[in-house]
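Okay, here's what each chain looks like letter by letter:
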Amino acid sequence: MPYWLIVPGLAFYLAFVIVPIIATVRQSFFQWDGLGPQVGVGWANFTSILSSSSQTWSSFKVSGVMVIFTCLLPVAGALLLVGLVARTKVRGLSFLRFVYFLPYTVALAAVAIAWRWIYASNGVLNGVVGATIGKSAEVAYLGSFSLALPAVGIIAFWATFGFVTVLLFSGAQHIPREQFEAARVDGAGPIREFLAVTVPGLRHEIRVALVMTFIMAMRTFDIPFVTTQGGPGYTTTTPILTMYQDVFQNGEIGQGAAIAVMVSIVTVAGVLILNRLLRTKD
Amino acid sequence: MISRREQALSYVVLYLFALFAIYPFVSTVLVAFNGPNVPVSGLAWPAHWTFQSFISTWSNSNAGIGRSLLNSCILAGAVVPVSVLFSIFTGYAFGTMRFRGSKMIFGLFLLGLMFPYEATIIPLYFEFRKLNLLDTYWSMILPDIGGSMAFGTFWMSSFFRGFPRELFESARTDGANRWQTLWRIIVPTARSPIFALAVILFIWTWNNLLLAIVMIESPSREMAPAALNFFVGAQYGSNYQFTCAAAIIVALPVMVIYYVLQRRYGADVLAGALKG
Numbered sequence: 001m002p003y004w005l006i007v008p009g010l011a012f013y014l015a016f017v018i019v020p021i022i023a024t025v026r027q028s029f030f031q032w033d034g035l036g037p038q039v040g041v042g043w044a045n046f047t048s049i050l051s052s053s054s055q056t057w058s059s060f061k062v063s064g065v066m067v068i069f070t071c072l073l074p075v076a077g078a079l080l081l082v083g084l085v086a087r088t089k090v091r092g093l094s095f096l097r098f099v100y101f102l103p104y105t106v107a108l109a110a111v112a113i114a115w116r117w118i119y120a121s122n123g124v125l126n127g128v129v130g131a132t133i134g135k136s137a138e139v140a141y142l143g144s145f146s147l148a149l150p151a152v153g154i155i156a157f158w159a160t161f162g163f164v165t166v167l168l169f170s171g172a173q174h175i176p177r178e179q180f181e182a183a184r185v186d187g188a189g190p191i192r193e194f195l196a197v198t199v200p201g202l203r204h205e206i207r208v209a210l211v212m213t214f215i216m217a218m219r220t221f222d223i224p225f226v227t228t229q230g231g232p233g234y235t236t237t238t239p240i241l242t243m244y245q246d247v248f249q250n251g252e253i254g255q256g257a258a259i260a261v262m263v264s265i266v267t268v269a270g271v272l273i274l275n276r277l278l279r280t281k282d
Numbered sequence: 001m002i003s004r005r006e007q008a009l010s011y012v013v014l015y016l017f018a019l020f021a022i023y024p025f026v027s028t029v030l031v032a033f034n035g036p037n038v039p040v041s042g043l044a045w046p047a048h049w050t051f052q053s054f055i056s057t058w059s060n061s062n063a064g065i066g067r068s069l070l071n072s073c074i075l076a077g078a079v080v081p082v083s084v085l086f087s088i089f090t091g092y093a094f095g096t097m098r099f100r101g102s103k104m105i106f107g108l109f110l111l112g113l114m115f116p117y118e119a120t121i122i123p124l125y126f127e128f129r130k131l132n133l134l135d136t137y138w139s140m141i142l143p144d145i146g147g148s149m150a151f152g153t154f155w156m157s158s159f160f161r162g163f164p165r166e167l168f169e170s171a172r173t174d175g176a177n178r179w180q181t182l183w184r185i186i187v188p189t190a191r192s193p194i195f196a197l198a199v200i201l202f203i204w205t206w207n208n209l210l211l212a213i214v215m216i217e218s219p220s221r222e223m224a225p226a227a228l229n230f231f232v233g234a235q236y237g238s239n240y241q242f243t244c245a246a247a248i249i250v251a252l253p254v255m256v257i258y259y260v261l262q263r264r265y266g267a268d269v270l271a272g273a274l275k276g
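Top to bottom, those sequences are chains G and X. Everything in the first sequence is counted per this note's numbering, starting at 1 for the first residue and increasing by one. Everything in the second sequence is counted per this note's numbering, starting at 1 for the first residue and increasing by one.
Hints in this document: simulated from the structure, not taken from any laboratory. Don't take every hint at face value.
In silico SDA-like cross-links for lysine to any residue, where the CA-CA straight-line distance does not exceed 25 Å [said to hold, decoys possible]:
1) G:Lys61 to G:Ser144
2) G:Lys89 to X:Ser59
3) X:Lys130 to G:Val25
4) X:Lys130 to G:Lys61
5) X:Lys130 to G:Asp33
Working from the sequences, and respecting the hints, build out all of it.
So, in structure tokens, the structure goes:
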């Protein structure tokens, strides 16, 4: 009986996930324009994307920035909020949770549209800047070589921090109250209490949040695709966006596959490292 | 114990973050309630509140936003029930039974939680092209079900694993076989995690942009997030109220479903489900 139960799910999983992954790896060793014959080129696709002058290499640097904005900063912000909540009795917590989680439910394409207006040259941010500092301080944020990447990063932060916060809130409810009381009896201040009780009590949730948001960061595609198309220049082009352009616009299928393989390797390696560093016994 | 001042500070910080989370929704709504061809700038507070931009957006036949909502409903209507059913099966098997190869096969499913699904899209595209399935609902339904299985299996099995043993045993003494136990005892008790899984898979299926722009070409089969792309390309600059109205129309169904879920089970059901 167990075999009959797993057959349908496993069949779909093998056919539409595992086999395509293997096919992607194979494809990464061939040069192909999508129409003509495929030519085996060994490691050439990898050496070309990994050469330091290549645009793919710079897209991995963009990924590094996205890891900061999608993964590290949201977890840090959520820890700050959970530190406030764990100590005190906060009223209206269920309302806050609802609001915090809302961004996660919305399609990133719609999120990107909302933020394009905030960043637009006649949009919200410039409206505020123009009224307070002066017209001359207004900037086209998404068109600026230095500001576009942090601007896109803030969108990614907005899209994940609330969901991380809700995750940590639900973990904090399971920390035994006595631990906080014991810490206070020992004369611990808010910061000591946070470091000695809250953070250790949330180890498991912190690890899960870091792993999930790290994977999201490596997969970043929708937000730059809808806001900047990867520009100006290549300043906001992520690896998956490069893969999309290589395969579906430039007919460089082998090279796109090599990028997909590289993203997968970095993602899996990052997840394994995070799990190892923050191992919890359960 | 905790000073009033500290308490007040906590509230200020918590509600500032809430404001940050909600503001982009507010500003999008404000822009969209400006009429068409009205110059909009800054905070975009409408001088005259009107639904006209929503109506023009909805009836723009080139964008086909209504059609795209229907397409996304068809997609989710096919993907979510099938994925949930298959996940109940695999979760039941891995969570409550021991059989040869179970550890290894389960490990294979876990691997899928780590891989970026984008790594599958290149061969899927060219396989579907060969099979003449590009630009059909199948080219989205099949990969979406496959891609749901890793998480669905993991989520259902971790729930079934924590299931009280006595329930199985009492079912067995009543003479129920495993199949009957599943439907009579386990599924009714597991209603809330099953519902949460359905909502998560709905959100993922509905919001998936990359698969939609790669697989679908005909406007008549366009999915909702891809239809948004039309407004981003065509209208940006002059009439951003159409773009914002379109974003609201596409986001609203998911937000309503999320609202219903959290009314019933609280917001952390989803977070708990995503915990891994």
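**Asked** For which of the previously enumerated hints does the structure constitute a violation, in increasing order of number?
**Response** When the structure is compared with the hints, numbers 2, 4 turn out to be violated.
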